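Chains A and B, in that order, are what the protein sequence lines are. Plus 270 on top of the position in the first sequence (first one is 1) and you've got my numbering. Plus 3 on top of the position in the second sequence (first one is 1) and you've got my numbering.
Because the hints were derived from the structure by calculation, they are not lab data. Every value quoted in this text rests on a predicted model; they were computed, and no experiment measured them.
With a Cα cut of at most 27 Å, we get these calculated BS3-like pairs of lysine-lysine:
# : chain 1 : residue 1 : chain 2 : residue 2
1 : A       : K552      : A       : K564
2 : B       : K44       : A       : K530
3 : A       : K669      : B       : K44
4 : B       : K44       : A       : K715
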Amino acid sequence: MPLPGSLPLGGLGWAKQEHRHKNQDNEHKPTPSPLERVGERLRQSAETTPSPKERAGERLMKKLPILLLCMLFTKEPFAKTWVVAPNTALSNLRQAVKLAHNGDSILVKKGTYSSVNTIIDKSLVITGENFPVLDARFADEAVTILANQVTFRGFIVKNSKTGSMRDYAAIRLFNVRHVTISHNRLVNNFFGIYLANSKNCTVTNNDIIGTNNRQNSGNGIHLWQCDSILIRDNRVSEHRDGIYFEFARHSLIEHNYSEKNLRYGLHFMFSDNDIYRHNTFKNNGSGVAVMYTKHITMFNNLFIENWGSSVYGLLLKDISDSRIMNNRFVGNTTAVYMEGSDRIVVTGNNFIRNGWAIRVLANCNGNRFMKNNFMANSFDVTTNGSINLNHFADNYWDKYEGYDLNKDGIGDIPYHPVSLYAQVIEQIPQSVMLMRSFIVNLLDKVERSIPSVTPESVKDEKPRMKPNY
Amino acid sequence: MLKIAKYIILDIIRSKVLIAYTVLLSIICLSILMADADVTKGLVSITTVVMIIVPLVSIVYATTYYFNTYEFTELLVSQPVSRTDILAGKFIGIGTAILAAFVIGVGFPVVLFAFSVTGLMLMVTGSLLTLSFISLAFLASTVTRDKAKGIGLSLMIWFYCSIIFDGIVLLFLFSFSDYPLEKALIVLTALNPIDLARILILLQLDISALMGYTGALYQSFFGSGYGMVFSLLMQLIWIIVPLWLALRIFKRKDL
Numbered sequence: 271m272p273l274p275g276s277l278p279l280g281g282l283g284w285a286k287q288e289h290r291h292k293n294q295d296n297e298h299k300p301t302p303s304p305l306e307r308v309g310e311r312l313r314q315s316a317e318t319t320p321s322p323k324e325r326a327g328e329r330l331m332k333k334l335p336i337l338l339l340c341m342l343f344t345k346e347p348f349a350k351t352w353v354v355a356p357n358t359a360l361s362n363l364r365q366a367v368k369l370a371h372n373g374d375s376i377l378v379k380k381g382t383y384s385s386v387n388t389i390i391d392k393s394l395v396i397t398g399e400n401f402p403v404l405d406a407r408f409a410d411e412a413v414t415i416l417a418n419q420v421t422f423r424g425f426i427v428k429n430s431k432t433g434s435m436r437d438y439a440a441i442r443l444f445n446v447r448h449v450t451i452s453h454n455r456l457v458n459n460f461f462g463i464y465l466a467n468s469k470n471c472t473v474t475n476n477d478i479i480g481t482n483n484r485q486n487s488g489n490g491i492h493l494w495q496c497d498s499i500l501i502r503d504n505r506v507s508e509h510r511d512g513i514y515f516e517f518a519r520h521s522l523i524e525h526n527y528s529e530k531n532l533r534y535g536l537h538f539m540f541s542d543n544d545i546y547r548h549n550t551f552k553n554n555g556s557g558v559a560v561m562y563t564k565h566i567t568m569f570n571n572l573f574i575e576n577w578g579s580s581v582y583g584l585l586l587k588d589i590s591d592s593r594i595m596n597n598r599f600v601g602n603t604t605a606v607y608m609e610g611s612d613r614i615v616v617t618g619n620n621f622i623r624n625g626w627a628i629r630v631l632a633n634c635n636g637n638r639f640m641k642n643n644f645m646a647n648s649f650d651v652t653t654n655g656s657i658n659l660n661h662f663a664d665n666y667w668d669k670y671e672g673y674d675l676n677k678d679g680i681g682d683i684p685y686h687p688v689s690l691y692a693q694v695i696e697q698i699p700q701s702v703m704l705m706r707s708f709i710v711n712l713l714d715k716v717e718r719s720i721p722s723v724t725p726e727s728v729k730d731e732k733p734r735m736k737p738n739y
Numbered sequence: 004m005l006k007i008a009k010y011i012i013l014d015i016i017r018s019k020v021l022i023a024y025t026v027l028l029s030i031i032c033l034s035i036l037m038a039d040a041d042v043t044k045g046l047v048s049i050t051t052v053v054m055i056i057v058p059l060v061s062i063v064y065a066t067t068y069y070f071n072t073y074e075f076t077e078l079l080v081s082q083p084v085s086r087t088d089i090l091a092g093k094f095i096g097i098g099t100a101i102l103a104a105f106v107i108g109v110g111f112p113v114v115l116f117a118f119s120v121t122g123l124m125l126m127v128t129g130s131l132l133t134l135s136f137i138s139l140a141f142l143a144s145t146v147t148r149d150k151a152k153g154i155g156l157s158l159m160i161w162f163y164c165s166i167i168f169d170g171i172v173l174l175f176l177f178s179f180s181d182y183p184l185e186k187a188l189i190v191l192t193a194l195n196p197i198d199l200a201r202i203l204i205l206l207q208l209d210i211s212a213l214m215g216y217t218g219a220l221y222q223s224f225f226g227s228g229y230g231m232v233f234s235l236l237m238q239l240i241w242i243i244v245p246l247w248l249a250l251r252i253f254k255r256k257d258l
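Make the full structure from the sequences, and use the hints.
Written as C-alpha cells, this is what we have:
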C-alpha cells in the first residue's frame with residue numbers, strides 16, 4: 271500500500287473509496303478499520319522525525335488529518351472504544367480514563383469495580399453494560415466529572431462516603447458544560463448527583479435511593495450555582511432532600527418522582543426562572559419547599575400524601591412573581607403554605623382531601639387565586655391576619671351553599687372560605703379538639719344565618735357552582 | 004334476671020319503634036356512603052351524625068321505656084326477685100335491643116362499604132356510647148318519679164354532653180389560652196363520653212396531623228395501646244358508674 275503522504279491525489283481517492291467501504295460494513299468494529307490504521311500511522315509518522323526524502327510532503331501530511339476529517343465529517347477514525355471488564359488488562363474505569371483521549375468511548379462490562387473518586391477529566395462517552403457496579407466503599411466520592419461533554423450512563427453507583435465537613439457525592443460534576451448523566455442507579459450514597467457551577471447539563475432517567483438515615487443523609491440531586499440544567503424522569507427516595515437547588519437558574523425539572531425523602535421532596539433557594547412540571551412529590555418528610563426565589567413556574571405537578579404535623583405540600587417562603595398552575599394537591603396536611611410571598615398566580619389547581627388547602631399568612635400580598643377547585647378539605651383557607659391583600663375569584667368550593675338564580679354558573683352571593691371555626695383555631699390551636707363536634711357544626715350554621723360574625727378578610731365574589739375543568 | 008331481659012327484648016321488638024330507628028340509621032349511613040365517593044369522608048360524616056343521633060335516641064328511648072313499664076316494675080318488685088336483678092335485667096334487655104339496632108343499622112352499611120380499622124372503631128365506640136347513654140337514662144329515670152321530669156332530665160343530659168360541655172370547653176380554652184392546656188384537655192375529654200368517642204374516631208382519621216402539638220399529644224396518648232385501654236376504660240366507667248348510682252337509688256327507693 272502506498273503511503274498516503276507520497277501520493278496525495280491517489281491517497282485522497284483511496285480514502286474516499288475506503289469511506290464507501292466503511293459505510294458498507296460498519297458493524298465490524300472490533301477489527302481496526304484501515305482508516306484507523308491510517309490514523310495510527312499518521313500519528314506515528316508525526317512523532318518520528320521525517321527523513322530528508324519525506325520533507326517535501328511534510329506540510330501536506332500535517333494537513334492530511336484535517337483534510338480527512340473534513341471529508342468524513344466525523345472524528346470516528348480517531349475515537350476509540352476502550353472496553354473495561356473484570357480480570358482483563360483493563361480492569362477498572364480509572365485506568366481506562368487515563369489511557370483514553372478526548373472523544374473516545376469507554377464501555378464497562380458487567381461486574382463490580384472499586385471506584386474511589388475516579389476522576390473523569392476528558393470528554394468521554396462512558397457506558398455501563400448491564401449495570402456494572404461502581405463501589406466507593408465509603409472511602410470517598412465514587413465519580414467526579416471535571417470535563418465538558420461527558421456522557422455517563424448505565425451504572426450502579428453506591429456507597430459514597432458520608433461526612434459532615436464535605437458533601438461527598440456518588441457522582442459529582444464540577445465546573446462543566448454539556449454533561450449527560452443518565453440511566454444510572456444510585457444506591458446508599460450520601461449525596462446522589464451533585465452539580466456544582468455547571469451549565470447545560472442533563473440528568474435523566476436516574477434511580478436514586480438514599481440511606482434513609484436521619485443523621486447521615488444528603489440530597490438526591492443537588493444543584494449549586496448552575497444554569498440551564500435539564501432534570502427529567504428521575505426517581506429519588508430516602509434522601510434528605512429529593513431534589514435540591516441553590517442558585518440554579520433557567521432550569522427545567524420535569525417528570526421526576528420524589529418520595530419518602532426525609533426532609534423535602536423538592537427544595538430550592540435563590541433559584542430564579544426555573545420551570546417545574548409533571549413532577550410527583552409523595553409522602554416526603556416535610557413536603558416541598560421553595561424559598562427566596564423569583565419567576566418560578568410550577569405546573570401539572572402532583573403533591574400527594576405529604577402528611578404529618580408541620581408537613582407541607584408546597585411551602586412558599588419569600589417567593590414572588592411566580593405561577594402555580596394545574597397542580598393537584600391530594601391528602602397533604604397543608605397543601606400550600608405561603609409566607610412573605612407576593613404576586614403569585616395560583617390557577618387551575620385541584621385541592622383535594624387536604625387538612626388545610628391554602629394557608630396564607632398576612633405578610634403575603636397581591637396573590638391571585640383563580641379557577642381552583644377545593645374539595646373535601648378540612649379547611650379551605652386560613653390566615654393569621656385580618657387584612658386581606660389577596661384576590662380570590664372563580665374558584666369552586668365544595669362547602670359553598672349559595673344559589674345561582676340566573677344560571678350563569680356563578681354563585682350569587684360571595685363565599686367566605688375562612689370559617690369562623692378556622693379563626694378560632696387560629697387563635698387557640700388546642701380548640702382543634704372540638705373539631706367535627708356538634709358545637710362546631712352549630713358555629714358554622716350560626717355563621718351562615720348571621721353573616722356578620724364571619725371574618726370578612728377573605729372573600730370569593732364569584733364562586734363557581736360546578737368544579738372548573 | 005335474664006328472663007326479665009328476654010321478656011323486655013321481645014316486648015321492644017313488638018313495639019316497632021326500634022325497628023324504625025334501625026331503618027333510619029341504615030338509611031342515613033347508606034345515603035352518606037353512596038353519595039360520597041370518598042369512604043373516609045363518608046365515615047367522618049357518619050361519625051358526626053352518629054354522635055348526635057345515637058346518644059339522643061338511646062337516652063330518650065330508654066327513659067321512655069322505663070317509665071312506660073313502670074307498672075311492670077312494680078309488679079316485679081312485689082315478687083321474690085332482688086332489686087339488683089330487676090334493674091340489671093331491665094338494663095340488659097333495653098341495652099341489648101338498642102345496641103342491636105345500632106349494630107345492624109350502622110354496622111351493616113359500614114361493613115359493606117367501609118370495612119376498615121376506622122369503621123371498626125366507629126362501631127366499637129358507637130356501641131359503648133349507646134350503652135353509656137342507656138346507663139345515664141337509668142340514672143335519670145330512677146332519680147325522678149315523674150315521667151315528664153325523667154325525660155326532661157335525660158334530654159338535659161344529652162344536651163349537656165353534646166353541646167354545653169363543648170361550649171364550656173371552648174370558653175375554658177379562651178380564658179386560659181395563655182397556659183399549657185394539652186394535659187388538661189385529655190382530662191376534659193374523658194369527662195364527656197361523646198367527646199371521648201369522637202376523638203377516638205377522629206384520631207383514626209384526618210385530625211391527628213391537623214392538631215399540631217395538641218394532635219401529637221393526643222395521638223401519642225390515645226393512639227398508643229395504653230391510651231386506647233384508658234379511653235375504653237373511661238367509656239366503660241361511663242357505663243358502670245351511672246348504672247351503679249341508679250342501682251343504689253333504686254334499691255332504697257319507695258316505689
